[in-house]
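All chains should be modelled from the sequences, with the hints used to inform the complete structure.
Protein chains in written order, with my numbering: chain A, 1 to 167; chain B, 168 to 289.
Treat the hints as calculated values from the structure; they're not laboratory data.
Incorrect hints may have been included.
Here are the computed lysine to aspartate or glutamate pairs in the EDC-like style, where the Cα-Cα straight-line distance is at most 16 Å [as the list claims (entries may be wrong)]:
id	chain 1	residue 1	chain 2	residue 2
1	A	Lys-39	A	Glu-96
2	A	Lys-132	A	Glu-82
3	A	Lys-132	B	Glu-206
4	B	Lys-217	B	Asp-269
5	A	Lys-97	A	Asp-127
6	B	Lys-220	B	Asp-184
7	B	Lys-217	B	Asp-203
8	A	Lys-39	B	Glu-261
9	A	Lys-39	B	Asp-272
10	A	Lys-39	B	Asp-269
11	A	Lys-39	B	Asp-278
12	A	Lys-132	B	Asp-203
13	A	Lys-132	A	Glu-122
14	B	Lys-220	B	Asp-248
15	A	Lys-97	A	Glu-122
16	A	Lys-39	A	Glu-122
17	A	Lys-39	A	Glu-123
Calculated Cβ distances over 10 Å to all of chain A for the following chain B residues [to be verified]:
id	residue
18	Ala-180
19	Glu-198
20	Thr-200
21	Lys-217
22	Leu-219
23	Arg-237
24	Arg-266
25	Asp-269
26	Gly-282
27	Asp-283
Backbone N, C-alpha and C define an ideal beta-carbon position, used for all residues, glycine too.
Here is what each chain is made of, one letter per residue.
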Amino acid sequence: MAASPDAAPRPDGPSGAKPEDLVLVITRTLAAPRALVFKVWSQPEHLVRWWGPQGFTLPSCTMAFHPGGAFRCLMLSPEGTEHRMHGVYREIVPPEKISFTWTWVDEQGDPGPETLVTVTLEEAGTDGAHTKLTLHHAVFESVTARDAHGVGWSESFDRLAVYVANL
Amino acid sequence: MQMSADSLSQTFAALADPTRRAILARLCAGEATVSDLAEPFDMSLPAVSKHLKVLERAGLVSRGREAQWRPCRLDAAPLKDAAGWLERYRQFWEQSLDRLQDYLDELQMKDAKEGDDDGRKS
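In structure tokens form, the structure reads like this:
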């Protein structure tokens, strides 16, 4: 497939746009030991204290924290608008990796596009008090699509990324 | 914050296929006929037409009315919406991670305090 006649830049090439332009990758170094960071992702009583943008709250959140287990949370905006999110944990490797699907569900209970979030935690520095968190949120590549194709991003996505960036 | 619009679902479903992404990438360079699009893929015209229908339904591609070759062109508006959607997720996470650090600070302060108390007891 996708043998572009005028060779687009390769996803891992030294120059040009990267697939990351159309997939979210956020990296943070947190001032906390890795085990603690893992813990606040893995237990609902901790998760509700920080998950969501400023001013949002999570009045209810249930989670079965194991591969194949589901989470369901109700999120309230500062104006009181309800947002429901559902997902399923795909992979859990304490204390270094959590991956889960994530879907917003509308008022009728219909799910939106399924996305896949992968959080990896690495020790940062040698003091045992810092953790590098990398969050990867693949929006376009649904889990089913990925499983069906067994491939990640094609080089054609690079050109789309450039195009969208220039819109 | 609502991110579950039907049109976005269609856009993302259309973009989930590598052949369709390649077709869109080709159309970034300008209009093309179905046979132009089929050429690099080693695919039959009906197979390419099927992909084009998905892209048309998602509003990503429109086709000329000229009976014979009906050139395909990219309609970028849904792509722009998709990019905006992605940006909202970025804000969601950036703000969540700010709150995460605040919460971790709070937990560690509490731990340190309890640690001191323990120290005094022993």
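Against the structure, the hints:
Between Lys-39 (chain A) and Glu-96 (chain A) the alpha-carbon distance is near 11 Å, which keeps this suggested pair within the 16 Å criterion. Between Lys-132 (chain A) and Glu-82 (chain A) the alpha-carbon distance is near 32 Å, which puts this suggested pair outside the 16 Å criterion. Among the hinted pairs, Lys-132 (chain A) with Glu-206 (chain B) is inconsistent with the structure: their alpha-carbon atoms are about 46 Å apart, more than 16 Å. Of the supplied pair hints, the one linking Lys-217 (chain B) and Asp-269 (chain B) is violated, its CA atoms being roughly 51 Å apart against a limit of 16 Å.
Between Lys-97 (chain A) and Asp-127 (chain A), the direct Cα distance comes to roughly 21 Å. Violation of the 16 Å bound is thereby established for this hinted pair. Proposed proximity of Lys-220 (chain B) and Asp-184 (chain B) is supported: the alpha carbons are some 13 Å apart, at most 16 Å. Note on Lys-217 (chain B) and Asp-203 (chain B): the hinted pairing holds, with a Cα-Cα distance of about 15 Å set against a maximum of 16 Å. Taking the CA atoms of Lys-39 (chain A) and Glu-261 (chain B), the gap is near 19 Å; set against the 16 Å cutoff, the hint is violated.
Under the criterion of a C-alpha separation no larger than 16 Å, the hint pairing Lys-39 (chain A) with Asp-272 (chain B) is consistent with the structure, at around 14 Å. Proposed proximity of Lys-39 (chain A) and Asp-269 (chain B) is supported: the alpha carbons are some 15 Å apart, at most 16 Å. Distance restraint check for Lys-39 (chain A) and Asp-278 (chain B): the Cα-Cα separation of roughly 14 Å lies within the 16 Å cut-off, and the hinted pair is therefore satisfied. Under the criterion of a C-alpha separation no larger than 16 Å, the hint pairing Lys-132 (chain A) with Asp-203 (chain B) is inconsistent with the structure, at around 47 Å.
Restraint check for Lys-132 (chain A) and Glu-122 (chain A): the C-alpha separation of about 5 Å stays at or below 16 Å, so the hint holds. Restraint check: the Cα-Cα separation between Lys-220 (chain B) and Asp-248 (chain B) comes to about 20 Å, which exceeds 16 Å; the hinted pair is violated. Simply put, Lys-97 (chain A) and Glu-122 (chain A) have alpha-carbon atoms about 9 Å apart, close enough for the 16 Å limit, and the pair holds. A hinted pair counts as satisfied when its Cα atoms are at most 16 Å apart, and Lys-39 (chain A) with Glu-122 (chain A) qualifies at roughly 14 Å.
In summary, the hint linking Lys-39 (chain A) to Glu-123 (chain A) is supported, as the alpha carbons are separated by about 15 Å, within the 16 Å threshold. For Ala-180 (chain B), the condition that its CB be more than 10 Å from all CB atoms of chain A is violated, with the nearest at approximately 7 Å. Glu-198 (chain B), annotated as away from the interface, keeps every beta carbon of chain A farther than 10 Å; the closest lies near 15 Å. Every beta carbon of chain A lies more than 10 Å from that of Thr-200 (chain B), the smallest distance being close to 15 Å; the non-interface claim holds.
Distance check for Lys-217 (chain B) against chain A: the nearest CB is about 15 Å away, which clears 10 Å, and the non-interface claim stands. For Leu-219 (chain B), the condition that its CB be more than 10 Å from all CB atoms of chain A holds, with the nearest at approximately 15 Å. With a least CB separation of 22 Å from chain A, Arg-237 (chain B) remains clear of the 10 Å interface cut-off, as annotated. Chain A draws Arg-266 (chain B) into its interface by the beta-carbon criterion, the shortest separation being 4 Å against a cut-off of 10 Å.
Asp-269 (chain B), annotated as away from the interface, has a beta carbon of chain A within 10 Å; the closest lies near 7 Å. The non-interface label for Gly-282 (chain B) is consistent with chain A: the shortest C-beta to C-beta separation is roughly 13 Å, beyond 10 Å. The Cβ of Asp-283 (chain B) sits about 17 Å from the closest Cβ of chain A, beyond the 10 Å cut-off, so the non-interface label holds.
In this structure, the earlier hints numbered 2, 3, 4, 5, 8, 12, 14, 18, 24, 25 are contradicted, and the remaining ones agree with it.
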